[in-house]
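Enquirer: Keeping their order, the protein sequence lines are chains A and B.
Using the working numbering, read the first sequence as starting at 1 and increasing by one per residue.
Using the working numbering, read the second sequence as starting at 1 and increasing by one per residue.
Hints are computed from structural coordinates only; laboratory data are not their basis.
Even glycine gets a Cβ: it sits at the ideal position worked out from N, Cα and C.
Don't take every hint at face value.
[To be verified] Here chain B is said to cover these stretches of chain A; the calculated rule only asks that three of the stretch's residues, wherever they fall, bring their Cβ under 8 angstroms from a Cβ of chain B:
1. 204-213
2. 223-236
[As the list claims (entries may be wrong)] Chain B is faced by these chain A residues, among others (derived, beta-carbon under 10 angstroms):
3. Asn181
4. Val217
5. Ala300
6. Pro304
[To be verified] Not close to chain A: a few residues of chain B, all C-beta gaps over 12 angstroms, as computed:
7. Gln93
8. Asp100
9. Glu105
10. Trp122
11. Leu179
12. Asp231
13. Leu235
14. Ile333
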Amino acid sequence: MNFLRTLLVRREAGIAVMIVLFCLAVGAVKPQFLSLDQLRIILLLTPLIMIAAMGQMMVIVARHVDLSIGSTLGFSAMVSGMLYRFDVDWFGFDVPWWTGIPVSVVVGALLGFGNGVLIQLFRLPAIIVTLGTLSLYRGLTFIISNAKQIDRQWIPSEIKGLSQTSPFTFPEFLPIVGKFNIPWIVILAFGIAILAYLFLMHTRMGRQIYAIGSNPVAAPLRGINVTQVNLAVFTISGALAGLAGIMYASRWGFVNPSNTGNGFEFQVIAAVVIGGVSINGGVGTVLGTVLGVLLLGCVAAALPLLGIPGTSQAAIYGAVILLALLIDRTVRRQGIVSLKRVRP
Amino acid sequence: MTDPTNKAEPLLSARGISKSFAGVEVLRDVDLDLMPGEIHALLGENGAGKSTFAKIVAGVHRPTRGTLRLNAETVDIPSPLAAQRLGITLIHQEPISFPDLSVAENLVLGRGSGSPLSRVPWAEIIGDARRLIDLLGVRIDVTRPMRGLSIADQQMVEIARALASDSRLIIMDEPTAPLTPKEVETLFGIARRLRDEGRTIIFISHRLEEVRALCDRVTIFRDGSKIATEDIGNLTDADIIRLMIGRPLKEYMHRGKSHIGEVALKVEALSLPGYFENISFEVRKGEIVGLGGLVGAGRTDVARALFGVAPAASGIVWVNGKVVHITDPSQAIREGLAFVPEDRAVAGIFRTLSVEQNITAAVPRQIAPSGIIRRTIEKAMAHDSVRRLRIRLASLRQPIGELSGGNQQKAILARWLLTDPSVLILDEPTRGIDIGVKAEFYDMIGELAAAGRAILLISSELPELLALCDRVLVMSEGHLTADIPRADATQERIMSAAVPQFREAAA
């Protein structure tokens, strides 16, 4: 009984229930939604969001927000894409296929660090700074690329393969799961989530992020190095957006200066907030964020299947996000109220 | 009681401590020795400097002049963190904590060192926290979040934190104000135990009886200076009050009979199911009617209903002989009602706005006759109020949140007097205000009644009701249970009407 009550007020449980209900509802109309093929589609829709959501979540827990991640993603992807495209012109040899991964992560980290410096050292609000760099980093992407796309043939096949091949496949003779595999990119995303969990729950700095978000005024009075933590948080957010950038190249096989990462911050912040991370800071779990990402993935996968025309998808997507937040808020408030009633 | 000054070196010794804010000296040449193993009260009116002194010791403020010596060594305390490391902890009335983190984490946060990526030893932290909380003899689940913990429990966590860093000097700044009597007892028990372990406690309170019950020595501040330090046993209450306010406090004498005129407020069968039932009474011009009862008896709900904040479901209200149906506060103001709410922090002040704007907030028409605020009028009105009510402030443009509690309360009263109300409802107007300002308040309330206003005074302090009111109404569990004229009012009669089981026994 006690366990049940705890479960009811755990935000994660609410999201999990919503995911199940949503999938059953869609499955009732289109039975093929409840298939392994569809699961693979959903899983492939989510890794970019999940990777960046881990960083965004830390930023929001620290009571900031990072609006620049879409542009950070685009810029980092473009740097790597250009490296693959022009390596022979620049260095006279072909760079190894994996070069783009560290390069994108480092470039993203630098851009994130730039956000952190502006916010922390000049005491500017994160929402304004990252709104500025959202535009700045996107503009820089156009400048360095001369507004030209990096086409499919320049992206190494090993990079593209990360979205298709899997470290392990289920043996063909097994029923149901026979032809199912989980691509590298999905495993990477879950790996990042596990690292984020360990960092946030089990390291000194992870806990300090929660403390700062919970009470930014008191944190320095308790000897927390707020500057260090905030710089770290924005750097991590940038680095993960950079990682998502090279994964974009893997998933879609091209890098476009205007499309790559455009509007990405919307999906990521939506997933984080649906996942129960409080925009007021101090509250949020990795599990909740993962579930928030998966819920968004389910919605994104269901829309085309339900025959909803592309023109209305954005509107419906937005409405679903608001609805999810509303349901969650209602369910949770009632959960808490009933808890109060049973207490003697 | 032995005089601790004879037996040991002082733990902390302050010499010539002065502090100025923006050129205004709030603390002047304070010398004070705190002995190991004593509970030392700091007393004084609001703004007398006692809190400023405590905050200097705790590293919140730095003195403009003067030296602090801890264990005979001169120390500089630039921050609360530095104070903590020196073994000095300030416990705030409403503790500053991290509401989203667990109790255990709140206890250890910022303690120790290690690389940012070093592992958090959860098991050890929780074990330590349990041990510290058990040491205090209170029952708090250390794995639950701070949010939702009662203020008393939050204070316990702060005390546990002081013990975790083995503080030798613990400063409690008005810790008892938000506590229930039982919680106060627990707190005192713990404070005495900490003293017996040789720790020093600075205790700041407005309640003389608490100071008497708990403290060994007392230091009295007035206008930024230290007036006296004495063993508590050597001073009578009258001595303490005289030292605090610098003049003998005349036992509050009820003002000469003010002329009691016609009925200003009449209420009949006012009901709001679940809050109060069938309330009928009247208040005449020039009359002060008390509304007594226990907290939660429905008194504030009646006031809120009259003022239209949460209107009653049924009943009739007359204001100055006219039936009114008040459903929102702006209408109440137009009908000549004014309401000074109980919790000024929540319902009374606009904390970040200037004193000026706070005072003129209820009279937009007067300061902006044509819809645009006329600064000269606003300023003149505020200035006049500040002078009449003797509000102490640095500037009219100062945010009101910077004023002391008593002065904030005066500013709110000033706001309502500008509306020239015929009926004034005061809900616990002197809660959290110190003795000197209280006396001023009583004078003011008396003057307001003498000027022909009808006053409904909600108060939980029996002496206040007895001293001020012409009649005392008593509520209990949503019902009006007594209407006692001044001549018959005693503490016993009021209490017996207020406490539900007494009433049943009498019935």
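Enquirer: Confirm or reject each hint.
Expert: Structure-based check of each hint:
1. 204-213: holds (count 8)
2. 223-236: Holds, because 5 residues of the stretch 223-236 of chain A bring their Cβ atoms closer than 8 angstroms to Cβ atoms of chain B.
3. Asn181: Interface hint status for A:Asn181: violated (34 angstroms vs cutoff 10 angstroms).
4. Val217: Because about 7 angstroms separates A:Val217 from the closest Cβ in chain B, which is inside the 10 angstroms limit, the hint holds.
5. Ala300: For A:Ala300, the interface hint is violated, since the closest Cβ of chain B sits about 31 angstroms away, which is over 10 angstroms.
6. Pro304: At about 39 angstroms, which exceeds the 10 angstroms cut-off, the nearest Cβ of chain B leaves the hint on A:Pro304 violated.
7. Gln93: The assertion about B:Gln93 holds, with a minimum of 15 angstroms to chain A.
8. Asp100: It is violated; B:Asp100 is separated from chain A by about 4 angstroms at its closest Cβ, not greater than 12 angstroms.
9. Glu105: It is violated; B:Glu105 is separated from chain A by about 7 angstroms at its closest Cβ, not greater than 12 angstroms.
10. Trp122: Non-interface label on B:Trp122 violated, nearest chain A Cβ at 8 angstroms vs cutoff 12 angstroms.
11. Leu179: Label holds. Min Cβ-Cβ 21 angstroms, cutoff 12 angstroms.
12. Asp231: 35 angstroms, holds
13. Leu235: 36 angstroms, holds
14. Ile333: Per Cβ check, B:Ile333 is outside 12 angstroms of chain A; nearest 34 angstroms; holds.
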